[in-house]
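Visitor: Okay, here's what each chain looks like letter by letter:
Protein chains: 2
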Amino acid sequence: MVQSSPTPSSVSERPYRAWLRCIDGCPGEHSLDSCFYRCPTCDGLLEVAHDLEALRARSPAAWMKLFDERYKRTTWPYGSGVWGKKEWVAPSIDNDSVVSLDEGGTNLFWAERYGRALGLDDLWVKQCGNSHTGSFKDLGMTVLVSVVNHMIRTGKRPIRAVVCASTGDTSASLAAYCAVAGIPAVVLLPRGKISVAQMVQPMTNGATVLALDTDFDGCMAIVQRLAQEPGIYLANSVNPLRLEGQKTISIEIVQQFDWEVPDWIVIPGGNLGNVSALGAGFLMMLELGLISKLPRIAVAQAAAA
Amino acid sequence: MVQSSPTPSSVSERPYRAWLRCIDGCPGEHSLDSCFYRCPTCDGLLEVAHDLEALRARSPAAWMKLFDERYKRTTWPYGSGVWGKKEWVAPSIDNDSVVSLDEGGTNLFWAERYGRALGLDDLWVKQCGNSHTGSFKDLGMTVLVSVVNHMIRTGKRPIRAVVCASTGDTSASLAAYCAVAGIPAVVLLPRGKISVAQMVQPMTNGATVLALDTDFDGCMAIVQRLAQEPGIYLANSVNPLRLEGQKTISIEIVQQFDWEVPDWIVIPGGNLGNVSALGAGFLMMLELGLISKLPRIAVAQAAAA
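Chains as they are written, first to last, in the UniProt record's numbering: chain A, 1 to 305; chain B, 1 to 305.
These aren't lab readings, by the way, just hints derived from the structure by calculation. Don't take every hint at face value.
Some, not all, of what chain A presents toward chain B, calculated at C-beta under 8 Å [said to hold, decoys possible]:
(1) TYR71
(2) LYS72
(3) THR74
(4) LEU101
(5) ARG113
(6) ALA117
(7) ASN130
(8) GLY182
(9) GLN198
(10) ASP258
(11) GLU260
(12) TRP264
We treat Cβ as the ideally placed atom computed from N, Cα and C, and that holds for glycine.
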C-alpha cells in the first residue's frame, strides 16, 4: 500500500547538519553517531547543535508551511510530530533508518472549567503522554533509536544492544522502539522496587530485563560501565539525542496555537531534561524567526521528588 | 408512543440531516435528541440514518479533500478524527455544543516484523485506544455526550445526568466527557468485581460511582430502569449514537492509506458494536463513492469472552 515503502530523502532536505558539542563550550564537534555521552575534555554534558545558518536559508513562513503540510499526514516519516520537524532534529538520518511510532501530534486541550476555577480564561493542557507507550519519553526515544538504527544500517557502528537503567517510562519506551527496529534492548532495574505494570512494558516488548539487588543509582552505575563496552549504547537521559525529540513539544504547542506563543508554560521538573528541551525548542524558533517572543516557563516539582 | 421529527438544519452550512430509525425497518424517524434507545414499535435496536441524497451532492473527491484539510488541524471541532467527519456523524449539532477531546487520528503503524512472522507483507495495526481515556470508547462517547450537551444548551431536554453500567472503559470515557461538559455522570458497577484502576478513572473525573451487590447484568437492569426517569440519559452501547463516532474508524483507516481500502480488517468482537460501526463506515463510503470495494472483515473473540 501507499505508506508501506518509506520514500528516500530528497536532495533538498540534505543541506542541514547537526553535531554534538560540550554545553560548557569546550572546543570540538562530535558526530551524532558518537558512542560517548559526555564531553571528552571536561566530562560535562553534551548537547546537539544545528547549523542555524543553513536552516535560516529557508524563511520562517516556509518552515511553518512545511511543518503544517506534514503534520499528521501519511508521508513517511513526516507524519510524526517529531519527524515532521526532522531538519531541526536529526537531519542526517535517512528516512529508511527512522524508527517512529507516530509520536507527537498530541491533544492540546482547553481546560475551560479548571482554568475558571483558577481565574484563568485560557488554560490549556498538552497531553504529551498520549503516545505509544503512554509517556512523553517516546518523543526522545524515537530520535535515539533512529540514530542507533542509522549507525547499524550504514555499518558505521556495530551496536549490539541499547541499555538503560530505569524504573518505568524510559525502559518502556526504549523497549518499544528497539522492538520496532529489531535492536536488542537491555533494562536494568532495582529488584522489588518497581510495580508489575512497570516491569510488564519492557518485558512484553522483548527487552532483556535484569532486576538487581540495588537501587536506581546502583543500576545507573552499572549501566555507565556497560556503556563503555564496544557496541553497547546508552539510552539514559544523559544522552543528548533524546532532548532533540522532546524539543518538538514547544514547536508543536506553538503550531497548535496557529503559531502564537503562549504567555506561560508550566512543566514538571524531574531531572530538568524536558524543560531544557522545551527551552531549546523556543530558542530555536526565536533564532529562526518563527516566533518573536519567548514564553515564561514555570517548573513544577513534586514535594517528595 | 414518543415520536418527534428530526431536527431541521437551521444554518446554511449544514444542509445535512440524520435521525434514528429501527434497524428492523419499523416506520418512523426519531430525533437524535430522543430519550429512548429502542424502537417504540418492536423494541428492537435503533440506528442512525443519514440523508445520503444530501451528502451525495458533494462529490467523493470533495469529501476526501474536506476530510484531509481538517485532519488534526486547529479549527474547532474538526481537528478531532470524529468531528472532522461531522456531516457523516451528527450534522445538526452546533459546534459550540461539541464535547471533544481530540479523539481519533490515532497511529496506524506498519507491524513489519509481526507481519513477516505471519507471512504477511503488509500488516498494519490501528491503535484506536491511543486516546484521552485509553480506549476506543472515546470515539463514540464524544458523539453521545455532545448530543446530550446540545439538548441541554438548546433547552430541548432538561437532562440531569447521564448514566451507564460498566466495569471499565465505558465508565471512564463517559466520566471524562461529562466532566468536560460539566454534565453529571453516574456509573453503576458490581461491587468487588472490578480493579482499583477501573474505579479510579470515573471517580477522578467526578462521576458518581455506585458499587452494587450484583453482577454487571444486575447493574444494567437498574440502569435501564433509571433511564426511564425524565432527565436521565442512557450511555450504554444500546444507545446508537456511540456507533456513529466509532464509524469514523473505517473512514480514518482508508484516509491513512491515502484512500485505499485494505483487503482484510481483523477486529475484536465484544458485543459486536464496534464491528457494526466499522461496517457502517465502509458501507457509507461505498454509497457515497469514496471507495469502490469493501474489505473483508474478520471478528476475533477471546475464548473466555
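Visitor: Sort out which numbered hints this structure fails and list those numbers smallest first.
Guide: Hints 6, 9, 11 and 12 contradicted; others consistent.
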